[in-house]
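Visitor: So the chains spell out like this:
2 protein chains.
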Amino acid sequence: MIKRNFVMQKLISIFKSFGFDQIETPVIEYASTILGKYGEEGDKLTYAFTDHGNRQIALPYDLTVPFARYFAKNWQELPIPFKRFQVNRVWRADKPQKGRLREFYQCDVDIIGTDSILADAEIAAVMYKVINALGFKKFIIRANNRKVINAILDKCGYTEDQFIPVIRVVDKLDKIGKAEVKKEILEVDSDEKKVDKLIEYIDMKGSNEEKVNKLGLKEAEEVREFLEYCKDYNIPEENLMFDLKIARGLDYYTGMVFELTVEEPKGGSLCGGGRYANLCGFFCDKEFSGTGVSFGFERIMVVMDELGMLSGQTTNTDVLVTVFDRKTLGKSIEVFNKLQDGGINAELYIEEDKLGKQFKFANKKGIDYVVVIGPEEIEKDVVVLKDMKSGDQKEMKVEAVVEELG
Amino acid sequence: MIKRNFVMQKLISIFKSFGFDQIETPVIEYASTILGKYGEEGDKLTYAFTDHGNRQIALPYDLTVPFARYFAKNWQELPIPFKRFQVNRVWRADKPQKGRLREFYQCDVDIIGTDSILADAEIAAVMYKVINALGFKKFIIRANNRKVINAILDKCGYTEDQFIPVIRVVDKLDKIGKAEVKKEILEVDSDEKKVDKLIEYIDMKGSNEEKVNKLGLKEAEEVREFLEYCKDYNIPEENLMFDLKIARGLDYYTGMVFELTVEEPKGGSLCGGGRYANLCGFFCDKEFSGTGVSFGFERIMVVMDELGMLSGQTTNTDVLVTVFDRKTLGKSIEVFNKLQDGGINAELYIEEDKLGKQFKFANKKGIDYVVVIGPEEIEKDVVVLKDMKSGDQKEMKVEAVVEELG
Chain X
1 MIKRNFVMQK LISIFKSFGF DQIETPVIEY ASTILGKYGE EGDKLTYAFT DHGNRQIALP
61 YDLTVPFARY FAKNWQELPI PFKRFQVNRV WRADKPQKGR LREFYQCDVD IIGTDSILAD
121 AEIAAVMYKV INALGFKKFI IRANNRKVIN AILDKCGYTE DQFIPVIRVV DKLDKIGKAE
181 VKKEILEVDS DEKKVDKLIE YIDMKGSNEE KVNKLGLKEA EEVREFLEYC KDYNIPEENL
241 MFDLKIARGL DYYTGMVFEL TVEEPKGGSL CGGGRYANLC GFFCDKEFSG TGVSFGFERI
301 MVVMDELGML SGQTTNTDVL VTVFDRKTLG KSIEVFNKLQ DGGINAELYI EEDKLGKQFK
361 FANKKGIDYV VVIGPEEIEK DVVVLKDMKS GDQKEMKVEA VVEELG
Chain G
1 MIKRNFVMQK LISIFKSFGF DQIETPVIEY ASTILGKYGE EGDKLTYAFT DHGNRQIALP
61 YDLTVPFARY FAKNWQELPI PFKRFQVNRV WRADKPQKGR LREFYQCDVD IIGTDSILAD
121 AEIAAVMYKV INALGFKKFI IRANNRKVIN AILDKCGYTE DQFIPVIRVV DKLDKIGKAE
181 VKKEILEVDS DEKKVDKLIE YIDMKGSNEE KVNKLGLKEA EEVREFLEYC KDYNIPEENL
241 MFDLKIARGL DYYTGMVFEL TVEEPKGGSL CGGGRYANLC GFFCDKEFSG TGVSFGFERI
301 MVVMDELGML SGQTTNTDVL VTVFDRKTLG KSIEVFNKLQ DGGINAELYI EEDKLGKQFK
361 FANKKGIDYV VVIGPEEIEK DVVVLKDMKS GDQKEMKVEA VVEELG
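Chains X and G, in that order, give the protein sequences. According to this note's numbering, the first sequence is numbered sequentially starting from 1. According to this note's numbering, the second sequence is numbered sequentially starting from 1.
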């Protein structure tokens with residue numbers, strides 16, 4: 001929980017640093033709000049039930065639908081473009097495991113009510129800043145554009161009804177390899193010239209700018225603009241790739257799309273998103289375009305844990321204030337008050353125990369520092385600060401402890 | 001939502017400053033965990049349903065039962081005394097209103113696995129610090145002790161089976177007045193001498209210490225110790241009252257009990273709690289005593305809103321960075337980066353609009369400051385910082401803006 005909070009707080013503080021405000025949508029929604037938005041499969045995975053008031057109720061399957069409903073209802077009062085983030089639990093009733101229910105967190109960040117490519121670049125900047133702040137080094141934001149994909153398919157000679165099945169195969173390139181991709185695309189359209197041309201496109205080498213130039217498509221100008229803004233946002237070139245293989249959300253996305261993958265060690269996709277033309281189609285007549293990213297919070301936790309990026313902190317407490325005996329307790333509380341007032345998360349030991357037991361408690365809780373105040377220290381108006389990791393200890397004024405741990 | 005977060009963050013940072021760590025319990029529990037713990041009425045108000053896997057599911061009715069289950073399962077790995085806080089939604093299926101489901105937040109803070117009165121005083125200190133930090137001035141923590149209450153009733157001549165019905169009447173003293181209390185107690189026991197003696201006790205005047213002394217009960221020594229520690233924790237005397245009228249949770253609490261009320265203007269009870277002898281009786285054989293407080297988060301929000309204590313902030317954004325035109329956009333992003341790196345929640349205006357429209361956006365979102373960067377400012381290597389409330393504006397270096405808003 002401490003680790004989860006640490007990661008979550010990082011995410012939230014970066015969202016805020018870009019001017020996103022948090023909203024929260026209900027955990028219990030009327031079933032009519034949720035059902036019918038994710039296809040048959042989604043309905044099947046939705047927790048839906050009838051409550052005592054005989055109302056049909058459901059738990060959110062994702063954050064997009066509850067947000068779309070919220071925005072459709074409130075957009076007239078909201079500043080537009082509207083920048084919001086949301087960190088909430090969602091539920092899926094799949095693969096029931098013993099003792100475990102499918103409840104997990106999603107973090108969504110969106111800018112609604114703008115067609116500006118600047119907004120897409122800002123979403124990429126959010127992705128970069130968050131993943132960088134979490135301590136990842138080798139990762140790549142893979143960006144592409146749905147209009148570019150369609151233009152390429154068109155240039156290769158595919159008909160519009162073939163776009164979706166072909167994209168579906170291309171999306172698997174990294175997994176199944178070029179030969180298998182070629183074979184599967186030939187099943188959609190047996191013209192070998194088309195598929196060779198297509199693979200040449202999606203396998204294109206060069207810097208991002210070189211690729212845009214080589215393409216020579218007017219649809220790629222959006223990508224050029226996007227890359228330019230990303231540079232302004234200080235996203236390093238090694239962390240950003242114009243990758244023609246990336247498609248994401250076949251029906252949903254309409255412009256720029258992004259996916260962030262950890263490259264070393266290979267950790268898969270941590271977040272992804274893109275631009276959509278109409279957020280609230282289910283809930284209002286007005287069309288609102290926007291762009292956004294969804295962070296796979298549970299995935300991030302798993303990857304960070306595997307990579308040992310979360311070791312260490314198991315408590316919020318910075319320092320344990322020990323209690324020597326009943327007579328000196330008042331002084332211990334006084335020291336605790338001073339540390340707390342100095343902005344330090346201090347903790348007073350509650351029981352009357354030997355110091356050794358109090359040190360053990362600090363170790364069990366994972367507290368790094370301990371303060372000792374006995375009669376001798378009170379006499380000298382100092383405390384002893386003990387570093388639990390190194391074992392080092394030194395006498396100092398309480399104010400110096402505030403300074404050191406603050 | 002911004003206001004809710006503001007209040008919640010205050011609570012959380014104070015909980016942490018005392019060394020409490022956050023835990024989270026599932027939103028969906030097996031119905032068997034929740035049902036049967038709150039009596040018939042509680043079961044009726046619990047959201048319970050059957051999911052697709054034909055499992056009996058329920059949503060938490062409060063945070064105590066899920067926490068008790070958590071602690072019963074994990075206590076062997078936890079540092080004891082265990083200090084935890086929890087901020088989560090709970091659900092009650094009462095009074096169904098159109099378009100509104102009964103979903104609200106609770107904040108619980110507990111110290112488990114200790115009989116120390118110091119723990120009770122620390123809980124009182126948490127109450128004081130939180131309510132003080134929220135900006136309340138005239139409030140009183142009313143503290144009492146269940147052992148003292150029982151001793152008084154015994155001294156007045158009531159039999160044990162009369163304790164609960166009598167306490168239930170005493171608890172209403174502030175609402176119904178002395179005469180009515182007397183009348184109702186006479187219905188339990190018609191001996192007028194007993195009731196007069198009782199009312200003399202609960203109506204006792206004097207300072208906290210004087211009351212303890214006047215009582216002359218050995219059971220009151222716990223209160224004396226509690227008051228002494230509260231003084232060490234710097235809880236001012238005017239905010240703490242030994243109030244013999246307070247009972248709370250008739251069956252649950254066993255020692256110190258507390259309730260915090262706003263006195264001016266009268267705002268009712270914002271939080272309350274006390275000591276209990278056995279947290280996990282439903283879930284394990286081992287007995288764990290503890291003490292804690294539950295903050296009525298929704299109640300606090302309502303009272304603060306009524307008292308105008310929440311006016312103001314509607315966004316996290318500290319400053320809007322405007323965009324003069326496409327040519328200067330790169331410079332605007334550069335300024336945004338510097339502000340953000342300086343720890344400021346900045347926001348870049350996304351659309352290409354006239355400055356006037358950008359100012360309106362800032363006002364609508366409630367952003368207090370706006371930064372303007374046009375060709376002239378770029379020439380001079382400054383920005384214009386505009387205070388949206390006063391209308392004042394001044395040219396300065398970006399670094400000076402970081403200084404001023406940081």
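In short, the hints are calculated from the structure, not lab data. Fair warning: there could be bad hints in the mix.
Identical chains blur together in the list; that is why a pair holds if it fits in one copy or across any two.
Restricting the straight-line Cα-Cα distance to at most 20 Å, the calculated cross-link-like pairs of lysine to aspartate or glutamate (EDC-like) are [stated by the list, open to error]: (1) K214 to E77; (2) K10 to D318; (3) K205 to D62; (4) K231 to E334; (5) K231 to E352; (6) K10 to E24; (7) K137 to E209; (8) K338 to E228; (9) K331 to E228; (10) K3 to E352; (11) K331 to E263; (12) K178 to E200; (13) K129 to D318; (14) K137 to D341; (15) K16 to E404; (16) K211 to D43.
Visitor: Give the relationship of K137 and D341 under a CA distance limit of 20 Å: within one copy only, between copies only, both, or neither.
Guide: This pair counts as between: shortest inter-copy Cα distance 19 Å, intra-copy 37 Å.
Visitor: Treating 20 Å as the Cα threshold, decide for K338 and E228: within, between, both or neither.
Guide: Between copies only: 18 Å across, 51 Å inside.
Visitor: Between copies, within a copy, both or neither: which fits K231 and E334 at Cα up to 20 Å?
Guide: Close across copies (10 Å), not inside one copy (52 Å); limit 20 Å.
Visitor: How do K10 and E24 come out at 20 Å by Cα distance, when the copy is not named: within, between, both, or neither?
Guide: Answer is both: 18 Å inside a copy and 18 Å across each meet the 20 Å cutoff.
Visitor: Evaluate K3 and E352 at a C-alpha cut-off of 20 Å and name the case that applies: within, between, both or neither.
Guide: Neither: 30 Å inside a chain and 41 Å across chains, both beyond 20 Å.
Visitor: Measure nothing new, just compare the shortest in-copy and cross-copy C-alpha distances for K231 and E352 to 20 Å and report within, between, both or neither.
Guide: The answer is between: 19 Å across copies meets 20 Å, while 59 Å in one copy does not.
Visitor: From the Cα coordinates, with 20 Å as the cut-off, is the pair K214 and E77 best called within, between, both, or neither?
Guide: Neither. Shortest intra-copy (45 Å) and inter-copy (60 Å) distances fail the 20 Å Cα cut-off.
Visitor: Measure nothing new, just compare the shortest in-copy and cross-copy C-alpha distances for K211 and D43 to 20 Å and report within, between, both or neither.
Guide: Result: close neither inside a copy nor across copies, 41 Å intra and 64 Å inter.
Visitor: Check K331 against E228 for me: Cα-Cα at most 20 Å, and say if that holds within a copy, between copies, both or neither.
Guide: between (60 Å within a copy, 13 Å between copies)
Visitor: For the identical chains here, do K178 and E200 meet the 20 Å Cα criterion within one copy, between copies, both, or neither?
Guide: within (11 Å within a copy, 91 Å between copies)
Visitor: Between the shortest in-copy and the shortest cross-copy C-alpha distance, which are at most 20 Å for K137 and E209: within, between, both, or neither?
Guide: Close neither inside one copy (23 Å) nor across copies (61 Å); limit 20 Å.
Visitor: From the Cα coordinates, with 20 Å as the cut-off, is the pair K205 and D62 best called within, between, both, or neither?
Guide: neither (37 Å within a copy, 58 Å between copies)
The structure does not agree with the numbered hints 1, 3, 7, 10, 11 and 16 stated previously, though it agrees with the rest.
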